[in-house]
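Chemist: Could you put the whole structure together from the sequences, leaning on the hints where they help?
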Amino acid sequence: MVMKTELVTLNMGPHHPSTHGVFRMRVTLDGEVVVEMEPMFGYLHRGLEKLAEGRTYTQIIPFTDRLDYVSSMAGNLAYCVAVEKLAQVEVPERAEYIRVIICELQRMVNHLIAVGFFINDLGALQTPLQYMWREREKVVDLFEMQSGQRFLYNYMRIGGVSHDLAPEFIPALKKFLDDFIGYYEEFEDLLKGNEIIQSRTIGTGVISAEQAIDYAMSGPCLRATGVNWDLRRDDSYSIYDRFDFDVIVGENGDNWDRYRVRMGEIMQSHRIIRQALEQLEELSPGSVNAELPQLLRPPVGEAYAAIEAPKGEMGFYLVSDGSIAPYRWHCRAPDFVNLCALRDMVVGGKIADLIVTFGSIDICLASVDR
Amino acid sequence: MRLKALAGTEAAPRIEEKLSGSVIESNEACMVVNKDSIAGIMQLLKESAEFDFDYINNITAVDNFDHFEVIYNVTSIAKKHTLCVKARIPGRDNPEIPSVTSIWKGADFQEREVYDLMGIRFIDHPNLKRIALWEGFEGHPLRKDFL
Numbered sequence: 001m002v003m004k005t006e007l008v009t010l011n012m013g014p015h016h017p018s019t020h021g022v023f024r025m026r027v028t029l030d031g032e033v034v035v036e037m038e039p040m041f042g043y044l045h046r047g048l049e050k051l052a053e054g055r056t057y058t059q060i061i062p063f064t065d066r067l068d069y070v071s072s073m074a075g076n077l078a079y080c081v082a083v084e085k086l087a088q089v090e091v092p093e094r095a096e097y098i099r100v101i102i103c104e105l106q107r108m109v110n111h112l113i114a115v116g117f118f119i120n121d122l123g124a125l126q127t128p129l130q131y132m133w134r135e136r137e138k139v140v141d142l143f144e145m146q147s148g149q150r151f152l153y154n155y156m157r158i159g160g161v162s163h164d165l166a167p168e169f170i171p172a173l174k175k176f177l178d179d180f181i182g183y184y185e186e187f188e189d190l191l192k193g194n195e196i197i198q199s200r201t202i203g204t205g206v207i208s209a210e211q212a213i214d215y216a217m218s219g220p221c222l223r224a225t226g227v228n229w230d231l232r233r234d235d236s237y238s239i240y241d242r243f244d245f246d247v248i249v250g251e252n253g254d255n256w257d258r259y260r261v262r263m264g265e266i267m268q269s270h271r272i273i274r275q276a277l278e279q280l281e282e283l284s285p286g287s288v289n290a291e292l293p294q295l296l297r298p299p300v301g302e303a304y305a306a307i308e309a310p311k312g313e314m315g316f317y318l319v320s321d322g323s324i325a326p327y328r329w330h331c332r333a334p335d336f337v338n339l340c341a342l343r344d345m346v347v348g349g350k351i352a353d354l355i356v357t358f359g360s361i362d363i364c365l366a367s368v369d370r
Numbered sequence: 371m372r373l374k375a376l377a378g379t380e381a382a383p384r385i386e387e388k389l390s391g392s393v394i395e396s397n398e399a400c401m402v403v404n405k406d407s408i409a410g411i412m413q414l415l416k417e418s419a420e421f422d423f424d425y426i427n428n429i430t431a432v433d434n435f436d437h438f439e440v441i442y443n444v445t446s447i448a449k450k451h452t453l454c455v456k457a458r459i460p461g462r463d464n465p466e467i468p469s470v471t472s473i474w475k476g477a478d479f480q481e482r483e484v485y486d487l488m489g490i491r492f493i494d495h496p497n498l499k500r501i502a503l504w505e506g507f508e509g510h511p512l513r514k515d516f517l
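Note that the protein sequences, when read in sequence, are chains A and B. Each residue of the first sequence is one higher than the one before, counting from 1 in this note's numbering. Each residue of the second sequence is one higher than the one before, counting from 371 in this note's numbering.
Wrong hints could be hidden among the right ones.
No more than 25 Å apart at the CA atoms, straight line, and that leaves these computed lysine-lysine pairs for DSS-like [claimed, not checked]: (1) B/Lys416 to B/Lys450; (2) A/Lys50 to A/Lys192; (3) A/Lys50 to A/Lys138; (4) B/Lys475 to A/Lys350; (5) B/Lys374 to B/Lys499; (6) A/Lys85 to B/Lys475; (7) A/Lys50 to B/Lys374; (8) B/Lys514 to B/Lys475; (9) B/Lys475 to B/Lys450; (10) B/Lys475 to B/Lys416; (11) B/Lys499 to B/Lys475; (12) B/Lys374 to B/Lys388; (13) B/Lys499 to A/Lys85; (14) A/Lys50 to B/Lys514; (15) B/Lys449 to A/Lys85; (16) B/Lys450 to B/Lys499; (17) A/Lys50 to A/Lys85; (18) A/Lys85 to A/Lys138.
For the chain A half of the interface with chain B, some residues (derived, Cβ under 8 Å), not all of them [as the list claims (entries may be wrong)]: (19) Glu6; (20) Ala305; (21) Val319; (22) Gly322; (23) Ala325.
Simulated from the structure, these hints should not be mistaken for laboratory data. A virtual CB, placed ideally from N, CA and C, is assigned to each residue, including glycine.
Modeler: Take a look at the structure:
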């Protein structure tokens with residue numbers, strides 16, 4: 001006898017606990033199998049692109065904190081790099097080192113939180129995440145020394161950073177880096193060999209390298225498919241060509257690979273910070289900010305510049321009409337573009353894997369909706 | 371190694387060779403093209419071995435009062451170069467341009483975003499509807515005459 005089944009359409013979100021914010025998926029299910037999925041978002045759309053058109057270039061920096069609030073410093077840097085390209089500003093060497101240290105710390109935090117929430121979505125509720133939060137807390141303390149903020153730092157400036165390193169920052173950073181190795185090993189011991197994590201993630205949410213490039217995915221999601229592409233090395237913006245680090249790539253583009261790539265990148269960031277610290281200590285003290293007029297007026301023209309933010313390629317397209325405010329301000333958010341591929345990753349899989357796959361992309365709705 | 375930004379003046383003659391009349395002008399930073407030939411140009415940029423632009427970084431649009439511009443930033447992962455292509459849409463009423471979603475799937479959400487906020491219709495887009503704002507919202511906020 002043939003079972004009579006019927007497709008069920010289910011709305012997940014915008015207030016579902018696993019959606020990492022206000023994200024909605026309209027899922028069509030055949031039993032447990034996903035046959036169609038449509039992502040819907042915009043609940044957090046604040047019109048930042050329009051708002052930015054009425055503000056001076058420096059006043060926009062706080063907006064970039066509010067794009068991806070889990071890694072605000074990366075947003076700061078992406079925007080400052082774009083304005084510097086537009087206005088052809090030289091950044092002092094010391095500021096470049098500080099930027100690299102801060103941004104790599106931010107990457108470590110972002111990946112810890114991403115992995116923590118990813119494990120959370122797998123059903124290991126809160127426990128691993130709490131350990132990740134503990135490490136994040138230490139970095140937030142470091143950022144507080146620098147910027148005075150624990151969140152939404154507004155630290156970078158066009159042509160440099162707002163403050164030189166605080167005297168207590170370097171000893172605290174060294175202690176954090178030394179301690180972190182042990183904690184990192186602890187995370188690996190606890191999670192990597194876990195049979196449930198392996199069986200839930202290996203072979204689920206698969207996307208091939210060709211598809212990932214076609215979908216313009218970036219960051220760990222792209223590298224997990226085996227594409228060896230990292231703007232830090234391939235574009236070597238800032239001073240990344242001075243550091244020795246590996247680009248971590250996966251093989252199969254499944255949830256496991258995305259998790260492993262993130263864990264690998266944490267240690268590469270650790271490596272970069274160590275090298276940056278060494279090189280910074282040999283530098284003589286100097287300015288951390290380029291000499292710029294109070295109201296910056298970049299020459300008429302446009303520029304697109306992108307950095308390797310923790311979630312992927314974060315780019316800004318700016319158009320200047322020679323006035324104190326940009327004529328057009330556009331942000332290419334990495335997670336927004338990465339979401340394009342979500343449908344292909346989940347259709348045909350189980351609904352329980354949908355949650356995991358969604359978590360593995362690592363999105364921040366503030367940057368998706370802008 | 372830094373990504374090499376291909377000059378518009380470098381790419382334009384090679385495009386003109388195959389699709390004559392499609393490039394309006396070119397300069398150091400970008401190549402401005404005819405909006406009707408955008409799909410053909412993009413297909414060529416992606417498939418020809420000399421360009422090999424397999425990756426679409428960014429799609430956005432600018433309102434210049436008498437015309438709109440749709441901006442495409444593309445990258446070749448193998449060749450490590452980038453290019454900026456601009457398509458000019460004259461006039462303000464009912465701006466339209468062919469979609470490039472059939473060439474790069476990654477254009478899907480970005481074209482929807484341009485449609486939503488700038489009001490440019492992408493012909494042959496598989497699912498052209500608002501993405502950030504709700505259906506029924508009046509106007510397109512990123513246009514300069516909004517507000």
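Chemist: Each hint should be assessed against the structure and marked as holding or not.
Modeler: Consistency of the hints with the structure:
| no. | hint | result |
| --- | --- | --- |
| 1 | B/Lys416 to B/Lys450 | 13 Å, holds |
| 2 | A/Lys50 to A/Lys192 | 44 Å, violated |
| 3 | A/Lys50 to A/Lys138 | 36 Å, violated |
| 4 | B/Lys475 to A/Lys350 | 24 Å, holds |
| 5 | B/Lys374 to B/Lys499 | 35 Å, violated |
| 6 | A/Lys85 to B/Lys475 | 29 Å, violated |
| 7 | A/Lys50 to B/Lys374 | 31 Å, violated |
| 8 | B/Lys514 to B/Lys475 | 29 Å, violated |
| 9 | B/Lys475 to B/Lys450 | 20 Å, holds |
| 10 | B/Lys475 to B/Lys416 | 13 Å, holds |
| 11 | B/Lys499 to B/Lys475 | 16 Å, holds |
| 12 | B/Lys374 to B/Lys388 | 23 Å, holds |
| 13 | B/Lys499 to A/Lys85 | 34 Å, violated |
| 14 | A/Lys50 to B/Lys514 | 9 Å, holds |
| 15 | B/Lys449 to A/Lys85 | 23 Å, holds |
| 16 | B/Lys450 to B/Lys499 | 34 Å, violated |
| 17 | A/Lys50 to A/Lys85 | 22 Å, holds |
| 18 | A/Lys85 to A/Lys138 | 33 Å, violated |
| 19 | Glu6 | 25 Å, violated |
| 20 | Ala305 | 10 Å, violated |
| 21 | Val319 | 6 Å, holds |
| 22 | Gly322 | 14 Å, violated |
| 23 | Ala325 | 13 Å, violated |
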